[in-house]
Every structure is written in C-alpha cells, then in structure tokens.
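Trainee: Model the full structure from these sequences, guided by the hints.
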Amino acid sequence: MGRQFDALLANNTWSLCPRPSHTHVVRNKWVYKLKRHPDGSIDRYKARLVAKGFEQVPGIDYFDTFSPVVKPTTIRLILSLAVSFNWNIRQLDVSNAFLHGILDEVVYMEQPKGYEDHTFPDHVCYLHKSIYGLKKALRAWFTRLSQQLIDFGFSESKMDYSLFTYNSDTLRVFVLVYVDDIIITGSDSQAVRYFIDQLQNVFSIKDLGELSFFLGVEAIRNPAGLHLRQTKYITDLLNSTYMLGARPLRCPSSSGSKLSSTAGELLENPTEYRRVVGALQYCTITRPYISYSVNQLC
Amino acid sequence: MHSPCKLYWIAVKRVLRYLKGTIEFGLLYTPGTIAMHAYCDSDWAGNPDDRRSTTGYGVFLGSNLISWCSKKQSVVSRSSTEAEYRSMAQTTAELYWLRMLLQGLQITLSAALSLWCDNVSAIALASNPVFHSRMKHIEIDYHFVRKKVVNHDIQIQHISTQDQIADVFTKSHTVNQFCFLRDKLCVCLLPHSLRGVLEH
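Here the protein sequences line up with chains V and H, keeping their order. Using the working numbering, read the first sequence as starting at 1 and increasing by one per residue. Using the working numbering, read the second sequence as starting at 1001 and increasing by one per residue.
You can take every hint at face value.
The calculated lysine to aspartate or glutamate pairs, modelled on DMTMM-like cross-linking and capped at a C-alpha distance of 20 Å, are:
(1) Lys-1006/H to Glu-268/V
(2) Lys-1013/H to Glu-265/V
(3) Lys-1072/H to Asp-1049/H
In short, the hints are calculated from the structure, not lab data.
Mentor: Here it is as structure tokens:
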C-alpha cells in the first residue's frame, strides 16, 4: 500500500488544491489483491488505489473513452510473418500502465484514505495523470504510448490502430499493443533490443523475453514453426464446468442436427450458459474449426 | 442466447467434451511464401428460425491460417448462388483489408490474391457481366466483387466440395471429414519428433 502510494507520488500523479466549489469530486478506494505464485504460495499482497469512475458524468467529466484494441487477425498476421522471416518475437509487460496516461480533462479526486495530507486535510487531488478506475484511464494510457512510439519514429497502421511499424531501408520493426501487453518483433534483434531499452527509459516495463504467453494463448517456438494453443485456458474452462472427467468426443457437433431457438424446455441458469459460450468463443482464437459449432450456440 | 433451452446446453457439452480430447491441439505456423489465398463457402437457409444463410471463409498467408469467419448473413438469400455470392463479397472485403494491412507494413505479396469457391454459378456471376434475373436485387455485392475480378485484382477459382476447406465453417461434419478438414487448417499437436529439440 505504501509502495503504491509512493509510486503515485513519484509519478507526479496529482497535486493538492483547495476543494473546488462547482465541480464534482470523484471518490476512491483501495483494492487489495493477493498475488500467488503458480504453485499457490503467496507472492505478495498488492494494493491498488482506484477511483470510482462510475461517478463521472459523461459530457462533463469525460468525453471520448474509445481506445483501440488489437484484432486477433492482426496478431496472427504478424506472428505468421515473423515465422516466415524467422524473426525473434519478444513480449513486454508494462507495470502500472494506466498510471502513465496523461489526462486532458480536469478531474478532482478525494485524498486517498489513510494517506491524507496532515497540513491540508480538506484539500482534494487535482489529477495530472490517469488512475485506475477512471473512465478515460485506458484511452489516456493508449494515447501516451502511441505518442511515445511515434516520437521514436514508428508510424501507426491505418488499418489497425494498435499496430505500429518502423520501416527503413535496412530495418523493419513491428509493435502490437494490447492494453499493457506489448509484442515486438523485427528484422534485427539488436534494433529490437534498442527500442525496448528506449521504452524502458520512459515507462516501467518488464521484458518477458521470447513470446510465450499472450492473452491466454501459449506460443511455443521450435524449428518447425510456432505452435499456438490454449491448453491452460481450456483446462480451466473444463475444470470450472466439471467436465475434466468427461468422456472425450471426436467431433464437436453432431452432423445433421440443427438447433432451433423455439423448441424445448428453457434452461434454469442462462447466465452460466452465457459464460461458457463466451469462453468457448475465446477458444476459437486457436481453434478455427470449432467456430461453426460455437456459432450455432449463440 | 437470451433464453437458451436445454438442447443448447447439451450442444455446449458436446463442444466441451470435444475440447477435452484435444486439449493440446493448436494452430501451427510454419515458414512459407508471402502469398494470400482464401476459401469461401456458405450454406443456404441453414438457420431453421429465420432461414438466413451462414458465411464461412478462411484466409491463408502462405500455409498459415490467419483469418476466418463463421457468421450468419444479415439478409435472407433467395438462392444458394446468392448466398455463396454474398460470402464471396465478405471474403473479398477481408482479403482487401489484409492486403492493405500488409501494404502498410511495406510487404508486397509474391502472387495475386486467389479465392477458391465451390459454387460454379457464383463464380460465373463474379467473372462475367451476364444479366441474371435472380440476382438483380443484390446490386452492391455484385459490383464490388465484379470490379475486382475484372481488374484482375483477384482470381476466383473453382474447387471441388470435398476439398473445400471453408466447409468446416458452414456445416456439421462426420468425424472423418471433420478430421480431414482440421488437418488442412494446420491445427494439430506440437509435432512429436520436435519435442526433444525443445527440451534441450
């Protein structure tokens, strides 16, 4: 908790000012999370200060919230190209990504609980940088990152705004951004290393090395190529639906039968149904051939 | 989706049981040429409730499947040719988007775009400016695909229904057909002979 607070101060997230009389002041809370190692032992206790963004009023506190996210097709296209050109694919993770965003609107927030300023207990925080929970947090972060990449000489693809490219006669580097996960690949691994260093100078970024796990998809590189699969995601899904012990089938849909939405008894728990179908849709990222069966369920 | 019945839950369990047997399957990307080809297909009036058809397509870059779709069309088609033709238009749009994406990356394709379709009349409709009394109401798709074909931007070629890969996105199959199509899509286990290489 103290560490998060120090990080916020070091980041120059806000300055204290007297309470404004006409503007709405957003409240906040601390959210606690237990981080575990893969074996279940406790890694660390994590505290995060979040603003109650749902109290913000559209048109007054914020305007556009749209932020592009990368399309799965673009990811597969880039991965396919990297395999064909035999490039290294590296993966980066941005810590406290949303705190890097710069707000272009005026937002006031109450002082965080337990860390009120002794001299000015009645003052409020005037936010300079974005904070988790704000409606614009994602957009502010994305704008900051894309501006930074453009300053490094990258250009934004017109076809998919979360894809950035660096092209010169001898060098080609592609960067894909999914919120705080970044994939970077290029024709020269030295140059890729250089760009990672440049980014690390500006943001706190963890270099996770060779691409191995991205958006729930495992990537295994070997001399034959790149294998993309969702073993962990599917195992978790089967576990949560108590299907791990089920007898496997060789085909996902029975040929000849068609589902009609007007026939039969209604399900008692449609929410669970929707959750599972949503999860199955996510599984189609690496399982194109089940998309027909899953499509029939929607 | 808003009020699912029990039959749907049984279908969900089928998919889950299938996944149970293929937990470690995934897409395998291998080095190949930078050329793009696509397969498009559709069923006709497959939905028993509103009689709309389903578009299915798969786009390959070299030997790697990068984009696919299995989606119910937004309007009812009056003939199977029309349904196939709409799926052809959707696939062409996807191919063009991907090509523009590649152009943005300054990567040029080593061959022209090719599109494989198993419906002879839909191909005829795309390549020849013939008047067809049953097609007069689909003007926009008609002009969109035709223009690309006439300009030789895209080559539409015929493929037999047995080899039509996009079939997997439009209908259910028997186990044998299904496994055949799955292999064609390069969905497999991590090759066994190479696991040793990984461990070293």
